[in-house]
Amino acid sequence: MTSARLWSLGVFLVALGIAASVVGWDALLWIPRLALSWLTWLPAAVLDAWHASPTTFGVIAVGVLLMLAARFLRR
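FYI, the numbering for the sequence shown is 8 to 82, going by my numbering.
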């Protein structure tokens, strides 16, 4: 690791420590927890939609695949 990276990491840790002392760790960790819950919610919602109506989900999936194929062919 270069000295510039070590310096940047040190600055980040000092800023993180100051922010944690001002607002608390719970407030700082709220954003990553929210992002994680959203990332786990999306696959669950996709699976629920597939189980609820497989035909509709299949039509939507084929449409998305065709849109992606058109985008790749455009390049």
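By construction, these hints were calculated from the structure, which means they are not laboratory data.
Just so you know, not all the hints are guaranteed correct.
[What the hints assert, rightly or not] Simulated DEER-style distance windows between Cβ atoms:
#, residue 1, residue 2, range
1, LEU20, TRP57, 36 to 46 angstroms
2, ALA76, LEU46, 22 to 32 angstroms
3, LEU80, PRO50, 25 to 35 angstroms
4, VAL21, LEU80, 47 to 57 angstroms
Glycine included, every Cβ here is placed at the ideal spot set by N, Cα and C.
Results of checking the hints against the structure:
Judged by the Cβ atoms, the range 36 to 46 angstroms given for LEU20 and TRP57 holds: they are separated by roughly 43 angstroms. Take ALA76 and LEU46: their Cβ atoms lie about 26 angstroms apart, and the range 22 to 32 angstroms holds. At about 28 angstroms, the beta-carbon gap between LEU80 and PRO50 stays in the expected band of 25 to 35 angstroms. Checked against the given bound of 47 to 57 angstroms, the beta carbons of VAL21 and LEU80, roughly 50 angstroms apart, stay inside it.
Of the numbered hints stated above, none is contradicted by the structure.
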